[in-house]
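Enquirer: Residue-level listing of the chains:
Number of protein chains: 2
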Amino acid sequence: MQVLARRWRRKGYTIALVPTMGALHNGHLSLIKRARRVADKLVVSIFVNPTQFGPREDYSRYPRTFAADKNKCLAGGADVIFCPTPETMYPPAFGTWIEMDELTSKLEGAARPTHLRGVCTVVLKLFNIVTPDVAVFGQKDFQQGVVIKRMAADLNLGVKIIIGATVREPDGLALSSRNAYLTTVQRQTADVLYRTLTWAKEQIIAGKNRPAALVRHMTEVIELDSGFKVEYIEFADPWTLKRQKVIEPQTVVLIAAQLGRTRFIDNIIVK
Amino acid sequence: MQVLARRWRRKGYTIALVPTMGALHNGHLSLIKRARRVADKLVVSIFVNPTQFGPREDYSRYPRTFAADKNKCLAGGADVIFCPTPETMYPPAFGTWIEMDELTSKLEGAARPTHLRGVCTVVLKLFNIVTPDVAVFGQKDFQQGVVIKRMAADLNLGVKIIIGATVREPDGLALSSRNAYLTTVQRQTADVLYRTLTWAKEQIIAGKNRPAALVRHMTEVIELDSGFKVEYIEFADPWTLKRQKVIEPQTVVLIAAQLGRTRFIDNIIVK
Chain A
1 MQVLARRWRR
11 KGYTIALVPT
21 MGALHNGHLS
31 LIKRARRVAD
41 KLVVSIFVNP
51 TQFGPREDYS
61 RYPRTFAADK
71 NKCLAGGADV
81 IFCPTPETMY
91 PPAFGTWIEM
101 DELTSKLEGA
111 ARPTHLRGVC
121 TVVLKLFNIV
131 TPDVAVFGQK
141 DFQQGVVIKR
151 MAADLNLGVK
161 IIIGATVREP
171 DGLALSSRNA
181 YLTTVQRQTA
191 DVLYRTLTWA
201 KEQIIAGKNR
211 PAALVRHMTE
221 VIELDSGFKV
231 EYIEFADPWT
241 LKRQKVIEPQ
251 TVVLIAAQLG
261 RTRFIDNIIV
271 K
Chain F
1 MQVLARRWRR
11 KGYTIALVPT
21 MGALHNGHLS
31 LIKRARRVAD
41 KLVVSIFVNP
51 TQFGPREDYS
61 RYPRTFAADK
71 NKCLAGGADV
81 IFCPTPETMY
91 PPAFGTWIEM
101 DELTSKLEGA
111 ARPTHLRGVC
121 TVVLKLFNIV
131 TPDVAVFGQK
141 DFQQGVVIKR
151 MAADLNLGVK
161 IIIGATVREP
171 DGLALSSRNA
181 YLTTVQRQTA
191 DVLYRTLTWA
201 KEQIIAGKNR
211 PAALVRHMTE
221 VIELDSGFKV
231 EYIEFADPWT
241 LKRQKVIEPQ
251 TVVLIAAQLG
261 RTRFIDNIIV
271 K
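Residue numbers (my numbering), protein chains in the order written: chain A, 1 to 271; chain F, 1 to 271.
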């Protein structure tokens with residue numbers, strides 16, 4: 001991949017990268033199509049990255065669906081599907097990590113202490129192998145997008161980071177590979193996260209600016225019938241992720257909630 | 001610099017980088033000349049990197065001699081001298097760091113806990129800006145060389161790391177920008193570090209393989225008349241820096257010693 005990418009660069013081609021963990025759904029496909037439009041060559045990487053999973057998380061049971069993934073990549077116009085093995089990405093002597101200040105320790109970082117370190121490290125490795133001009137990530141992992149933009153700026157990566165809009169089911173549930181873990185019963189109420197996010201957005205547009213009351217109501221609605229347990233609901237600056245004690249006109253509302261053994265996250269931008 | 005480097009790459013030129021903190025001496029010049037031979041374009045960076053100095057170290061008094069440095073770079077055949085400011089390299093929001101496991105916490109890392117983190121971070125930033133095929137570092141900072149090779153491998157940098165031999169004064173003192181801190185009296189005995197290193201090498205070649213006796217004798221000789229205070233003397237595997245409890249035929253002998261307010265390091269390879 002690295003040799004091919006260098007050959008492309010020497011010929012003057014621009015390169016776009018969509019890093020994924022496979023189990024591709026239409027959310028990924030929309031990122032792939034977006035990336036297809038912005039560069040000459042398109043690489044989709046499929047790598048279930050062990051270092052971004054915590055010890056009690058779902059690394060081993062994470063869905064792996066390569067045959068279907070391949071079709072989606074080709075339908076999206078990928079030139080190359082890059083699928084390294086864990087052993088080549090992390091040989092036994094491996095020991096170099098990208099660490100960040102508070103940005104990676106709050107929100108997702110609070111629940112998953114090494115998650116964003118693993119994400120940054122694998123993304124930097126993929127960038128160095130694929131040498132993209134542009135990389136496309138999904139908005140659903142909002143904090144991940146902020147963190148990667150920050151890494152790209154801090155380390156002078158020279159890679160443009162594009163965040164593609166979240167694709168949703170008709171009822172609003174954000175597409176996610178982990179939706180496959182939902183039972184039919186759980187699925188029926190899983191749209192509650194997005195319903196409360198859109199409710200919060202309406203409240204903010206209507207002038208509400210105190211987080212506490214909104215959080216209380218949202219938590220009640222979410223936990224009422226669904227079996228979800230809310231982990232955090234937060235109103236933050238969309239660029240720095242600084243928590244807003246008074247909600248400002250430009251804000252991102254971030255939710256994480258647990259349903260059975262699985263964590264779900266979603267968010268909505270107000271501006 | 002980043003724009004120029006990308007233009008070079010598009011034209012098919014290879015690029016070599018010699019990262020320095022300025023105060024260039026003939027050791028640097030030999031690295032520059034070495035780099036000149038291995039690529040089409042040669043960049044020498046001059047940046048006194050604040051993040052690799054500890055809070056009580058010599059960042060502010062580190063020698064800055066740009067006019068003389070410029071002449072040395074040109075004499076060595078540099079195409080570009082890249083001199084970023086601390087403010088552009090570390091804007092206020094900066095917060096991304098390269099961290100490594102034990103390799104950066106022992107030896108120099110024990111005395112200077114954030115030193116190698118600062119080195120790795122700035123070197124990665126310089127690599128991303130200059131996009132070199134090859135980078136040349138000096139053997140005097142032996143651990144730094146091992147660490148950077150490890151970072152390059154772990155992060156798939158695709159940059160070849162060359163370690164250039166240490167250049168010495170006629171009496172054996174390794175050239176260092178910090179030699180400028182030596183008084184005339186201190187200078188007279190400063191060669192003792194290298195004298196004991198060559199003595200140790202002879203002992204190892206003669207079959208001695210117990211570190212304790214060698215360390216004791218070397219420490220005595222170094223501290224006897226010179227004013228040096230030995231910080232560590234260690235026998236380690238030259239690739240992994242694993243300490244050798246029994247000295248093996250292939251070893252690197254590493255020394256750090258303090259003279260007045262200044263730390264000096266040196267090393268010798270036995271093979």
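Fair warning: there could be bad hints in the mix.
The list makes no distinction among identical chains, and a pair is therefore deemed to hold if it is satisfied within one copy or across any two copies.
The calculated lysine-lysine pairs, modelled on DSSO-like cross-linking and capped at a C-alpha distance of 30 Å, are [unchecked claim]:
1. Lys72 x Lys229
2. Lys229 x Lys271
3. Lys149 x Lys70
4. Lys11 x Lys160
5. Lys11 x Lys149
6. Lys72 x Lys201
7. Lys160 x Lys229
8. Lys149 x Lys160
9. Lys208 x Lys70
10. Lys72 x Lys271
By construction, these hints were calculated from the structure, which means they are not laboratory data.
Enquirer: My question is about Lys208 and Lys70: at a cut-off of 30 Å on alpha-carbon distance, are they close within one copy, between copies, both, or neither?
Expert: neither (46 Å within a copy, 60 Å between copies)
Enquirer: Tell me, please, which holds for Lys149 and Lys70 at an alpha-carbon limit of 30 Å: within, between, both or neither?
Expert: Close inside one copy (28 Å), not across copies (35 Å); limit 30 Å.
Enquirer: Classify it for me, Lys149 with Lys160: is the Cα-Cα distance of at most 30 Å met within a copy, between copies, both or neither?
Expert: both (8 Å within a copy, 27 Å between copies)
Enquirer: 30 Å Cα cut-off: does Lys11 pair with Lys149 within a copy, between copies, both or neither?
Expert: both (27 Å within a copy, 29 Å between copies)
Enquirer: Using 30 Å as the alpha carbon limit, work out where Lys11 and Lys160 are close: within a copy, between copies, both or neither.
Expert: both (20 Å within a copy, 22 Å between copies)
Enquirer: For Lys229 and Lys271, with the copy left unspecified, which applies at a CA distance of at most 30 Å: within, between, both, or neither?
Expert: within (28 Å within a copy, 62 Å between copies)
Enquirer: For the identical chains here, do Lys72 and Lys229 meet the 30 Å Cα criterion within one copy, between copies, both, or neither?
Expert: So Lys72 and Lys229 fail the 30 Å test inside a copy (33 Å) and across (65 Å) alike.
Enquirer: For Lys160 and Lys229, with the copy left unspecified, which applies at a CA distance of at most 30 Å: within, between, both, or neither?
Expert: Neither: 36 Å inside a copy, 50 Å across copies.
Enquirer: Which holds for Lys72 with Lys271 at a C-alpha limit of 30 Å: within a copy, between copies, both or neither?
Expert: neither (33 Å within a copy, 54 Å between copies)
Enquirer: How would you classify Lys72 and Lys201 at a CA-CA limit of 30 Å: within, between, both, or neither?
Expert: The answer is neither: 33 Å in one copy and 61 Å across copies each exceed 30 Å.
Of the numbered hints listed earlier, those contradicted by the structure are 1, 6, 7, 9 and 10.
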